[in-house]
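What follows is each chain in one-letter form.
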Amino acid sequence: MFDIKSYEKADTVKQAIELLSANPDAKLIAGGTDVLIRLREGHEEFSSIIDIHHLEEIKGVEMQDNMDVRIGAGMCFTDVIESEIIDQTIPIVAEASGTVGGPQVRNVATIGGNLCNGAISADSVASLCVLDATLEIEGIDGAREVPVTEFYLGPGKIVLTHTEILKSIYIKAENYMGFGTHYYKYAMRNAMDIATIGCAAAIKVDEGKVETLKLAFTVAAPKPTRATTAEQFSVGLDATSENIEKIAKKALEDLNPRDSWRASKDFRLHIIETLAKRVITAAIIDAGVQL
Amino acid sequence: MITKEIEFTVNGQLITLDVDIRKSLLDVLREEGLTSIKQGCGVGECGACTALIDDIPMDTCMYLAVWADGKDIRTSEGESRDGQVSKVQQAYIDAGAVQCGYCTPGFIMTSTAFVEKYKGQKVDRDLIRKEHSGNLCRCTGYETIVCAVESCLKD
Ligand SMILES: Cc1cc2nc3c(=O)[nH]c(=O)nc-3n(C[C@H](O)[C@H](O)[C@H](O)COP(=O)(O)OP(=O)(O)OC[C@H]3O[C@@H](n4cnc5c(N)ncnc54)[C@H](O)[C@@H]3O)c2cc1C
Ligand code: FES
Ligand code: FES
Numbered sequence: 000m001f002d003i004k005s006y007e008k009a010d011t012v013k014q015a016i017e018l019l020s021a022n023p024d025a026k027l028i029a030g031g032t033d034v035l036i037r038l039r040e041g042h043e044e045f046s047s048i049i050d051i052h053h054l055e056e057i058k059g060v061e062m063q064d065n066m067d068v069r070i071g072a073g074m075c076f077t078d079v080i081e082s083e084i085i086d087q088t089i090p091i092v093a094e095a096s097g098t099v100g101g102p103q104v105r106n107v108a109t110i111g112g113n114l115c116n117g118a119i120s121a122d123s124v125a126s127l128c129v130l131d132a133t134l135e136i137e138g139i140d141g142a143r144e145v146p147v148t149e150f151y152l153g154p155g156k157i158v159l160t161h162t163e164i165l166k167s168i169y170i171k172a173e174n175y176m177g178f179g180t181h182y183y184k185y186a187m188r189n190a191m192d193i194a195t196i197g198c199a200a201a202i203k204v205d206e207g208k209v210e211t212l213k214l215a216f217t218v219a220a221p222k223p224t225r226a227t228t229a230e231q232f233s234v235g236l237d238a239t240s241e242n243i244e245k246i247a248k249k250a251l252e253d254l255n256p257r258d259s260w261r262a263s264k265d266f267r268l269h270i271i272e273t274l275a276k277r278v279i280t281a282a283i284i285d286a287g288v289q290l
Numbered sequence: 000m001i002t003k004e005i006e007f008t009v010n011g012q013l014i015t016l017d018v019d020i021r022k023s024l025l026d027v028l029r030e031e032g033l034t035s036i037k038q039g040c041g042v043g044e045c046g047a048c049t050a051l052i053d054d055i056p057m058d059t060c061m062y063l064a065v066w067a068d069g070k071d072i073r074t075s076e077g078e079s080r081d082g083q084v085s086k087v088q089q090a091y092i093d094a095g096a097v098q099c100g101y102c103t104p105g106f107i108m109t110s111t112a113f114v115e116k117y118k119g120q121k122v123d124r125d126l127i128r129k130e131h132s133g134n135l136c137r138c139t140g141y142e143t144i145v146c147a148v149e150s151c152l153k154d
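If you read the protein sequences in the order shown, they are chains A and B.
Counting in numbering that gives the first Met the number 0, the first sequence runs from 0 upward without gaps.
Counting in numbering that gives the first Met the number 0, the second sequence runs from 0 upward without gaps.
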């Protein structure tokens, strides 16, 4: 039994917003894989819930006329992984989704819930950061769009205000077309474990030279972080193993991992550099370039 | 107490309930006598509470009972018919994949969905392991379980 004190089911986004607005203590529940665990652990701040589990409006994956891709925030990871549109346009999102929990978790946990719980280890985030995804948000004061790279404020903290709901994730055609991508989750176990460090890269190579590199890390700083110093440094460099080593070293300048029981700061720094090398290399190969 | 009327089928039988909204599907299924649903961890780690919801394996310990409204639910009890165990259940017995048995009904449901999905396709042991990574077993060491699943895919 969960200690739920009030329960309302929302059938539309509008209704969810109105219910949130009417109750300052209420929290949304989508897949429940965070909320129900918190309730199980006795966290009272989740005892008033607004149920958006069945909300059709925030499900679905679509390719728009201009080739931008929309992912409904309410899509569970299994549906993301099995989406043909995602496979053909932004496979890195499916790749990252496949590293979440185990099958039963992926069958119910949503990509929107993964972003909104604010966990710095959230597995979908790094991939969305290198795709420069835009988040479509709506609240009582209207709708707005926020780049995923500006969505996080700190551990467990995101920009959503109380009445706001994340509706969709948009990825622009210009941000995936022509890019090679890769995501790697470093964890202590191969399944059912949270990331020690997560790393995603998207790269465009033109005539053997790096045209654009986007490199993002999770758990490497108080919030998901793009390694902008490394990104800028990489522009125009020959896509060679030697240069990848240099770019990976640069990435350390942008990051500040913590010490925790899971891994020490030194170990995390070592993983960051190793992953940066590995992930950039895989992304270059994915872009069809021989190293 | 807040309640909500829900209707769902379990192992082919229609059930209508005025359910306490605080309950997990695990609570409700066990109260209905379906004690093959086990609570191991209660937090989505072990899979002992796995049931198929519209043929998809779910941890019922972190699934609100109210979400079951309109769903088709299968548990290990329903896989045996007329005193005859299912093919997957028989394969577990034949492979020696059952020791204390606590994890078994959950594993059986994950395997049942897996076999239904991948029947006739080429499947390697890694995929079997990956798709069963949401179920834990403290006894068998998993090898016999993988063998049981493999044998179900053969013919
Ligand atoms: C056993 C287990 C293993 C896990 N493994 C991983 C893992 O490997 N990697 C990983 O990243 N995570 C993991 N998780 C955490 C969790 O499953 C994910 O973060 C998941 O994506 C959360 O989604 P949900 O729909 O279940 O969220 P919920 O629990 O429904 O919600 C999470 C939070 O987001 C808010 N929220 C949900 N949807 C919206 C929305 N549309 N708009 C605004 N706010 C919203 C809720 O109010 C709540 O605060 C694991 C969890 C469990 C139980
Ligand atoms: S009891 Fe549900 S996953 Fe362990
Ligand atoms: S047989 Fe004992 S836990 Fe699996």
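Treat the hints as calculated values from the structure; they're not laboratory data.
Just so you know, not all the hints are guaranteed correct.
Capping the alpha-carbon separation at 27 Å, the derived lysine-lysine pairs in DSS-like fashion look like this [as the list claims (entries may be wrong)]:
(1) A:K26 / B:K70
(2) B:K116 / A:K58
(3) B:K86 / B:K153
(4) A:K4 / B:K86
(5) B:K22 / A:K58
(6) A:K166 / B:K153
(7) A:K26 / B:K116
(8) A:K4 / B:K116
(9) A:K13 / B:K3
Cβ pair distances, simulated, as ranges [what the hints assert, rightly or not]:
(10) A:N116 / B:G11: 32 to 40 Å
(11) B:T15 / A:M176: 24 to 32 Å
(12) A:E144 / B:K86: 28 to 36 Å
(13) B:G119 / A:M176: 30 to 38 Å
(14) B:S79 / A:E144: 22 to 30 Å
(15) A:T211 / B:D17: 52 to 60 Å
(16) A:H161 / B:G119: 48 to 56 Å
We treat Cβ as the ideally placed atom computed from N, Cα and C, and that holds for glycine.
Against the structure, the hints come out as follows:
As the CA atoms of A:K26 and B:K70 are separated by approximately 25 Å, the hinted pair is consistent with the 27 Å bound. Proximity of B:K116 to A:K58 is assessed by CA-CA distance (about 23 Å); at most 27 Å being required, the pair is judged to hold. Using a Cα cut-off of 27 Å, the hinted pair B:K86 and B:K153 holds, with the two alpha carbons roughly 12 Å apart. Taken as a hint, the A:K4 and B:K86 pair is broken in the structure, with Cα atoms around 44 Å apart against an allowance of 27 Å.
For the given pair, B:K22 sits about 25 Å from A:K58 by alpha-carbon distance, which is consistent with the 27 Å threshold. At roughly 44 Å between alpha-carbon atoms, A:K166 and B:K153 are farther apart than 27 Å, so this suggested pair is violated. Under the criterion of a C-alpha separation no larger than 27 Å, the hint pairing A:K26 with B:K116 is inconsistent with the structure, at around 36 Å. A C-alpha spacing of about 39 Å is found between A:K4 and B:K116, which places the hinted pair above 27 Å, so the restraint is violated.
Our distance criterion of 27 Å between C-alpha atoms is met by A:K13 and B:K3, whose separation comes to about 22 Å. Distance hint check: the CB atoms of A:N116 and B:G11 are about 37 Å apart, consistent with the given range 32 to 40 Å. In this structure, B:T15 and A:M176 break the distance hint of 24 to 32 Å, their C-beta atoms being roughly 52 Å apart. Evaluation of the 28 to 36 Å hint for A:E144 and B:K86 yields a failure: the beta carbon distance comes to about 51 Å.
A hinted range of 30 to 38 Å for the beta carbons of B:G119 and A:M176 is consistent with their spacing of about 36 Å. Here the CB-CB span from B:S79 to A:E144 is close to 53 Å, at odds with the stated 22 to 30 Å. Distance hint for A:T211 and B:D17: a CB-CB separation of about 58 Å, consistent with the stated range 52 to 60 Å. Take A:H161 and B:G119: their Cβ atoms lie about 51 Å apart, and the range 48 to 56 Å holds.
Taken one by one, the earlier hints fail for this structure at numbers 4, 6, 7, 8, 11, 12 and 14, listed in ascending order.
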